[in-house]
Amino acid sequence: DTGVSQDPRHKITKRGQNVTFRCDPISEHNRLYWYRQTLGQGPEFLTYFQNEAQLEKSRLLSDRFSAERPKGSFSTLEIQRTEQGDSAMYLCASSTNTEAFFGQGTRLTVV
Amino acid sequence: GDSVTQMEGPVTLSEEAFLTINCTYTATGYPSLFWYVQYPGEGLQLLLKATKADDKGSNKGFEATYRKETTSFHLEKGSVQVSDSAVYFCALVNTGFQKLVFGTGTRLLVSP
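Respectively, the protein sequence lines represent chains A and B. Residue numbers are given in our numbering: position 45 of the first sequence equals residue 45, and the series is strictly consecutive. Residue numbers are given in our numbering: position 36 of the second sequence equals residue 1036, and the series is strictly consecutive.
Where hints are given, some of them may not hold.
Under 7 Å between C-beta atoms, here's a sample of chain B residues computed to sit facing chain A [to be verified]: (1) 1017; (2) 1018; (3) 1042; (4) 1043; (5) 1044; (6) 1048; (7) 1089; (8) 1097; (9) 1099; (10) 1104; (11) 1105.
Label-pair distances were calculated between CB atoms; the ranges are [unchecked claim]: (12) 1039(B) <-> 22(A): 16 to 26 Å; (13) 1053(B) <-> 81(A): 23 to 33 Å; (14) 1041(B) <-> 78(A): 19 to 29 Å; (15) 5(A) <-> 1058(B): 25 to 35 Å; (16) 1009(B) <-> 5(A): 25 to 35 Å; (17) 99(A) <-> 1012(B): 28 to 38 Å; (18) 10(A) <-> 1067(B): 38 to 48 Å; (19) 9(A) <-> 1107(B): 15 to 25 Å; (20) 1039(B) <-> 98(A): 17 to 27 Å.
These aren't lab readings, by the way, just hints derived from the structure by calculation. Ideal Cβ positions, reconstructed from N, Cα and C, are used throughout, including at glycine.
All chains should be built: construct the whole structure from the sequences, respecting the hints.
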């Protein structure tokens, strides 16, 4: 197992378009997290799943954001009608009960 | 709510100098504490952790001790290398490991 995998690594999109990111967690981890990181800041929590159940969503996650984890395996994060303020690094992590492991992130640029 | 405060950077050091990056936290209950490192354009890598008071986490020459009385988890290294240049994040997670809360990060720049 090579760790948490995210795809794509980079995405440039025009304002108003929809984008979808994928995260493949470490296979034996049942918890999966999405974070957003803007330049010079620490990661901000967006949402997390225990298996296929989405257990918590941050107030940062507006109605334009939706995340899914069908069958408790990979997860997708969709942003509809992107805005320039959505430009950020989107990080996925999966965890045991004691440690979280992060993917390389997807850098989104909205032009 | 839970929060983490880190010293602002950048921290600029010469190779072989001693490093301290301060981290304090506010949390209910008994959090676990972590240091993560982020190299340019990359995700976060777990550097070390401590799960209870007085625990010392260590890895690659870095150390941090969980101090409940001062709610601190300062990162130290006796002799930094150029390759240690990165951004360091202090984080906590509370009981049940529901979500990590991060500080804003401290950039370390080490010159030869």
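Outcome of the hint check:
no., hint, in the structure
1, 1017, "violated, 24 Å"
2, 1018, "violated, 24 Å"
3, 1042, "holds, 6 Å"
4, 1043, "holds, 4 Å"
5, 1044, "holds, 4 Å"
6, 1048, "violated, 11 Å"
7, 1089, "holds, 5 Å"
8, 1097, "holds, 5 Å"
9, 1099, "holds, 5 Å"
10, 1104, "holds, 5 Å"
11, 1105, "holds, 5 Å"
12, 1039(B) <-> 22(A): 16 to 26 Å, "holds, 23 Å"
13, 1053(B) <-> 81(A): 23 to 33 Å, "violated, 47 Å"
14, 1041(B) <-> 78(A): 19 to 29 Å, "holds, 24 Å"
15, 5(A) <-> 1058(B): 25 to 35 Å, "holds, 29 Å"
16, 1009(B) <-> 5(A): 25 to 35 Å, "holds, 30 Å"
17, 99(A) <-> 1012(B): 28 to 38 Å, "holds, 31 Å"
18, 10(A) <-> 1067(B): 38 to 48 Å, "holds, 40 Å"
19, 9(A) <-> 1107(B): 15 to 25 Å, "holds, 22 Å"
20, 1039(B) <-> 98(A): 17 to 27 Å, "holds, 24 Å"
Going through the hint list in order, the structure does not satisfy hints 1, 2, 6 and 13.
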